[in-house]
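Each chain is listed here by its residues.
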Amino acid sequence: ELKVEQNPLFLSMQEGKNYTIYCNYSTTSDRLYWYRQDPGKSLESLFVLLSNGAVKQEGRLMASLDTKARLSTLHITAAVHDLSATYFCAVDNAGGTSYGKLTFGQGTILTVHP
Amino acid sequence: NAGVTQTPKFQVLKTGQSMTLQCAQDMNHEYMSWYRQDPGMGLRLIHYSVGAGITDQGEVPNGYNVSRSTTEDFPLRLLSAAPSQTSVYFCASSWAGEQYFGPGTRLTVT
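Quick mapping for you: the protein sequence lines, in order, are chains X and W. Number 6 in the numbering used here belongs to position 6 of the first sequence; there are no gaps in the numbering. Offset between the second sequence (1-based) and the numbering used here: plus 1000.
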C-alpha cells in the first residue's frame, strides 16, 4: 500500500525566510505532484515531477524529486504573505500510465507572518 | 471551455437520504476520479474511471456508487447518507499525467 507522508504538517514562517517541506513516499512512483490549496478553494497545480533529479522552479517555490530516496522537497525562498496556504504532495503509481489515481500526503499548512 | 464543473456547491442531507453529486468535464478526458477531503487529511480516492463504462474502486469506496455512461459525466451517488460522509468532495479529470480538479462540493450530513 502506497503511503505518502509530509512534514512538517504546520509551518509558521517569517517573511523573508527560507524553508523546505518534505514529502516521503513508500513505493516506486511514476509522477509526483505538488498542489496549493487556499481556504475553501480547490487545488491549484504547482509542479509535476516525472523523473529522478527533476527540479522545477516557479517564483519563490522550487520542487525537486529524488526517486531513489523516495523523497520530494518543496523549497520556499524569501517567503511572502501571499504564500500562506496548504500545500499537498501527491503520488501517482499506476505503473507507467497515469489514470489520475493519486495518493496524497496530509498537507502542510503554511502561515507566513510579517 | 468550462473545465471540470461540479454541482451542487453546498448540500445538507439528513442521515439516510440519498443524493447524487454531479461532475462534468468538457475536455474529452478519458480518466476521471472522485476524492473526498476531511480536515487534517489529504484527499482520498473514492472511485475512478478510465473511460465510459469502466469504473473501479479507490481507497474509500464504501457508501458510494459511480457509473460512467458518457466521457463527459461521472456522477457520485450516496445511497444512504451517514454523518461520516460529511466532507468536501472533489471531482477530477486527467490527461497526459495532468490532473484538473473541479471546485468541490461541501456536503454536510446531519
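No lab work stands behind these hints, which were simulated from the structure alone. The C-beta atom is built at its ideal place from N, Cα and C for all residues, glycine as well. Don't take each hint at face value.
Said to hold, decoys possible - Okay, derived cross-link-like pairs now, DSBU-like style, lysine-lysine, Cα gap no bigger than 30 Å in a straight line:
no. : chain 1 : residue 1 : chain 2 : residue 2
1   : X       : K68       : X       : K101
2   : X       : K101      : W       : K1009
3   : W       : K1009     : X       : K41
4   : X       : K101      : X       : K3
5   : X       : K101      : X       : K56
6   : X       : K101      : X       : K17
7   : W       : K1014     : X       : K41
8   : X       : K56       : X       : K17
9   : X       : K68       : X       : K41
Said to hold, decoys possible - Stretches of chain X that chain W covers, calculated by requiring three or more beta carbons in the stretch to come under 8 Å of a beta carbon on chain W:
no. : region
10  : 15-28
11  : 64-70
12  : 76-83
Comparing the hints with the structure gives:
1. X:K68 to X:K101: holds, 22 Å
2. X:K101 to W:K1009: With a Cα-Cα distance of about 23 Å, the restraint between K101 of chain X and K1009 of chain W holds, given a limit of 30 Å.
3. W:K1009 to X:K41: holds, 11 Å
4. X:K101 to X:K3: holds, 13 Å
5. X:K101 to X:K56: holds, 22 Å
6. X:K101 to X:K17: violated, 35 Å
7. W:K1014 to X:K41: Holds, because 25 Å separates the two Cα atoms, which is no more than 30 Å.
8. X:K56 to X:K17: OK: K56 of chain X and K17 of chain X at ~20 Å, within 30 Å.
9. X:K68 to X:K41: Not satisfied, since the Cα-Cα distance of roughly 34 Å exceeds 30 Å.
10. 15-28: This one is violated; 0 residues, fewer than the three required, reach chain W with a Cβ under 8 Å.
11. 64-70: violated (count 0)
12. 76-83: Three-residue rule not met by the region 76-83 of chain X, so violated; n is 0.
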